[in-house]
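Starting from the known structure of chain B, arrange chains G and S on it as the hints suggest.
Here are the chains, one letter per residue:
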Amino acid sequence: MNELIFFFNNVVVAGVVLGSIYAVGAIGVTLIFGILRFAHFAHGDMMTMGAFIAFLLAMAATALGITTPIVPTGFLVLPVAMILAAFIALGLDKGFYAPLRKRGARPVTMLIASIGVTLIIQGAIRLFFGSGTYSFFQTEQKQLIRIPVPLEGVTRTINFTQPQLLMVLCTAVAVLALHFFLTRSRLGKAMRAMADNADLAQVSGINTKLVVRVTWIIAGSLAAMAGTMLALDVNLKPDLAFNIVLPIFAAAIVGGLGQSYGAIAGGFLIGFAETLAIFNWSVLLRPIAGALPFELPATLAVVPTEYKLTVAFVILVVVLLWRPTGIFKGASS
Amino acid sequence: MALLDIKDVVGGYGGAPILNGVNLAIEQSDIGVIVGPNGAGKSTTLKAIFGLLKVSEGSISFQGDEIQNSLPDKLVPRGLSFVPQEKNVFTSMSVEENLEMGAFTRSDDFRPTMEWVYEMFPVLREKRRQPAGELSGGQRQMVAMGRALMSQPKLLLLDEPSAGLSPRYVIEIFEQIVKVNKAGVAILMVEQNARQALAFASRGFVLATGKNRFTGTGQELIADPEVAKSFLGG
Amino acid sequence: MIARRSLLMFAGLFVLFTIIGLFLGAANISLLLVQSFAYALIALGLNIQWGYGGLFNFGIMGMLMLGGAAVTFISYPVNAQFWGSEGPLMLGKALMAFLAGFLLVWAARHADRIGIKGRWKTFVTIIAWIVAYIVYRSQIDPAAAYIETAGGGWVGGLGLHPVLGWLFGGVLAAGVAYVVGKICLGLRTDYLAIATIGISEIIRALLKNMDWLTRGTLTVSPISWPTPIPQDLQAQGVSISDSFIYARLGFLGLVIVILAVAFFLVQRAYGGPWGRMMRAIRDNHIAAGSMGKNVTRRQLEIFVLGSVLMGIGGAMLVSFQQIYDPGAYQPINHTFLIWVMVIVGGAGNNWGAVFGALLIYITWMISDPLSQWLFNNVSNWSTDMGWGAIPEIQSRASQMRVFVLGVVITIALRYAPRGLIPEVVKREA
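Chains as they are written, first to last, in my numbering: chain B, 6 to 338; chain G, 75 to 308; chain S, 22 to 450.
Pulled out of the complex, with its shape left as it was, chain B reads as follows (with noise of 0.2 Å):
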C-alpha cells in the first residue's frame, strides 16, 4: 500500500502538476498554429516572459504589503501578469510578426522570425535579471499538503504543494472558460471557424484582425499562466522556457495542431509520460519481489532520470513521423 502511495506521489501528482503546465502551454501554440498557420517557437520564451512578470509583481506587492496567507502571492499576482502579457503578446505580433504576414511569408519563414523573437526575449530576460535562478517563495513558506491514508499499516501519506494544486484548480478554470468560450460565444465561434477555413471566414464578414488580436490575447495570457505555474512549482531561471518548448509542441502535435482540446489531452499524455518513464518500478515491484522469476535491480525505470525531458523529444519525433496529424486529427499540410 505504501507503494502505491509512493506511486500516485510519483506519477498521479506529478503527472497531473507537470501535464497542467503543458496543456495550458500547448493551448497557446495550436490556438496560434490553427489560426495563424505558423510553428511559434518563441512561445516557451513567452512563458519565462510572463513568469518574470509575475515575479517583478509579486515582489511588488509583498513590499506594499498586499499579501494573504492563503495564496501563494505569485497566484495573486497571476491575473495582472496574464493581462500585461496579453498586451505584450499583440506587441510582439504587431511588430515582429505581422509585417512578414502582410508580405506572404511562408510558415517556415515565420518559424525563423520566432525563433528570433526567442533569441531577443531570451537575451532580454537574461540582460535585466542576470542568468541566476530565482524563487517566488523567498519571504514566504511553500505549503505543504500531506493527506494521510487512513488504512492499516499505511506510513506514508499522499503529499502535494499548495501551488500545485493551485495550479490544477487555475488549469481547470482557464480549459473550462476557454471551452465555453470556444462554443458559447460568438467571437470563439469565429475563431474555430477561422481555424478550420481562413478564407470562408473572411468571406462570411468575420473580421479575422480581430479574431487574431484575440488569438494572441489568449496564447500570451495562457503562457504567462503556464511560465508562472512552472516558477511556482519549481523555481525562475531564464532557461526555463527553451526546456519547456520542445515538450509544449510534442503536446500540440499529439493532440493534432489546432485542436484546443487535443492540445490538452497531449499535455497530460506527455507529462505522464515522463513519469511514468522515471518512475523507479522497483520500488512497486518490491512487495511480490519474491513471486518473481528474476532478481529486482535497485532500480528499474524505462530510461534514467537525466533522460526525463528526452521522453518528450522521442515522442515528438516519432508523432511527427507516424502520425503528424496527431490523435485529434489537426491540420498537417
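Please keep in mind that the hints were generated in silico from the structure rather than gathered at the bench.
Virtual Cβ for every residue (Gly too), placed ideally from N, Cα, C.
Some hints could be false.
Taking CB as the label site, the calculated pair distances span [said to hold, decoys possible]:
(1) B:ALA66 with S:ARG130: 25 to 33 Å
(2) B:ARG291 with G:GLU208: 46 to 54 Å
(3) B:LYS107 with S:LEU270: 43 to 51 Å
(4) S:GLY207 with B:ALA103: 26 to 34 Å
(5) B:PRO309 with S:ILE147: 21 to 29 Å
The following block gives chains G and S in isolation, referenced to the frame of chain B:
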C-alpha cells in the same frame, strides 16, 4: 440605378489580366447567370466583385457606391454574400454553427432569419447539430447557401452551385435558388450546367476570354442558335 | 553585378577583421579567424541542404556534436586501463545486443513478407521495439556502469591523427544523417525543422549522459592538434606571444585548405547538371517528381552531403578548442547561429554562405567584449549618479549577443530576406 453594375472591368491575380473588359448589370429581382467555356473568367468575375482579386481598371458599383477592391468583410454588411465553389462550409462546425457564422456581422437577433433558412432547407433543421463535414454534397451546398443567407443579403453570389452534385440535387438546388430569389434576394451565379441554369435566368451573360460575348435573358440565349452552337453544345 | 557587390562585401569584411584585429591583438584575431572559417565550412553544409535542397535542418547542433565526439574518439590517446579491462568485452556484447535488436525491429517492419499485415504488424513492431530496447539496456547498463567505475572511466581514444578524426566526423555525421533523412525527409518544411530540433536534442542528451563514451560533463581534454601547438613552437625557441599567433595561423591554414577543397567541389557540382537538377527539385519538387527525378533520393543525398561538412566542421572546432564538452553545446550557438549566417549571407550562394559565416561569427564574438565595455561605462556613469553599479556585468554582457542575434535575424528577414550575397539565378538564354 442597377443593384450591381460592372463596367469595363479589367483584373486578375497579379500576372496577365483574366478579365479584359467585362460589363454586367443586375436588378434586385434578377437571377443572373454567367456561363462560358473554361478560363473565360466566370468565377473570376465573382471574385472581383467580392474583393478577392485586384481590379486594375473599370468600376464595380453596388447600390450606387463603388466597391471594387474592397475587403470582403466590409461587403457583407453592405448586403453582399458569396458562396465559393469549393470548401464552402466549416466542416468541423455544426450546421447551426455554420449558419451562426453567416450572421457574424449582424448585431440584431438573427433567429428569425435562421428559422427562414430552416424552412427553406428542412433537412438542415434535422441535421443542425451535425458537423457540416459529415453531410452529403447536396446538403453541404445547402449549408453553404444558408450561411450566406444569414446576413440577409440583397445580392447573393454563387460560384457553380451545382458542381459535383448528382442530377437530383442539381434540380433541387436550382429550385431553392429560385425560391430564394422570390423571397427578395438578387442572384448572380456562375454555372457550368449552362442550359439548365439559363432556363430560369432573367439575365444571362456569356463570357469568353474575359470579355462579354452574348447578353440577354436566359430564354433568349437558349434560343439563340449561335450561342447554342458555341456554348451550349448545340 | 553580383560579382562586384560580393567583392565589395568581402573587402569590407577584410577591413572589419583588420580593425578588430588591431583592437584585440594578433593572437586573438587569429583564434577568431580559425573558428570563423570552421563555421564557414559548416555554413557551406547548411547552404547545400537549404540553399540547394530546400531542406530545413535545425539539427545542426547534433551533427556538430557527432563530429566532436568522432575526433575525440579518434585522436585522444588510448586509455590503456579500459582496453586492459573487461570493458571492451562488455561493450562488444552490448553491440551484439544492439545489432540483434536492430535486426528484430527490421524483421518486424518487414513482417508483411511472411503474411503478418496491418494492425498485427504494428503490434508486432511495437513489441519488437520494446524487446530490442530491453535487451540492449540489459547489456549496456552493466557495461556502462563497469566502465565508469573499474574500466578506466571511459573508453578513451584511439590515438590517431586528428585529420583522420575530422574525416571520421564527416563519416559519422553522414551515417546518422542517412538514418535521420530516411525517416524524416518526407515531412513538410516546418515539421522537418521541429523534428530535427527534437533529434538533435536527443543526440545531445545521449552524448551528454553517456559518460562511458564521452565522459559527459566531465569533458575530455586536451585533444591534440594536427598542426604544431603553441607549446611545440615555444620548445623550438619561439617567443610565447608569437607562438600562439604562428600556431593558430598554422591551424588556420589547414582549415582554409579543407574549406577551399570543399568549396571548389561544391561549386563545380552546383554549376553542373547535378546542381541544376537539385535546384529544379527545390523549386518545384512536385513537377520534378513527375518528370521522373527521384526526389527523395536526391534530397537524401543533399542532406547527407551537407551533414558531412557539418561533421568535419564540428570536429575541427573541437580539435582547435582542445576540449570536448557535450554540456557546452547549445542550440543558440550551434544551430540558430549558423542559420543566421546563411540567411544573412545569402542562401543558395556559396560565397554568400562563407561571407555570412565570417561576418556573423565575428559579430557574435565581439558582442561580448563590446557590450562589456558598454555596460562598464554605463555602470560607471550610474555609480557617479549615485545609483550604484550594474551587478554581474560579466555574465550579462555575454547574454547581449543572444539579444543581438535575435535582432539580426529579425532585421534580415524583414529587409534582406534573400541575404547580402543572394543566389545568382542564371537565366538560360
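Comparing the hints with the structure gives:
1. A hinted range of 25 to 33 Å is violated for the C-beta pair ALA66 of chain B and ARG130 of chain S, which are about 58 Å apart.
2. For the pair ARG291 of chain B and GLU208 of chain G, the beta carbons lie near 52 Å from each other, so the given range of 46 to 54 Å is met.
3. About 49 Å separates the C-beta atoms of LYS107 of chain B and LEU270 of chain S, a value consistent with the hinted range of 43 to 51 Å.
4. The given range of 26 to 34 Å is respected by GLY207 of chain S and ALA103 of chain B, whose C-beta atoms sit roughly 32 Å from each other.
5. In this structure the hint that PRO309 of chain B and ILE147 of chain S lie 21 to 29 Å apart at CB holds, the actual value being about 22 Å.
Going through the hint list in order, the structure does not satisfy hint 1, though it satisfies all others.
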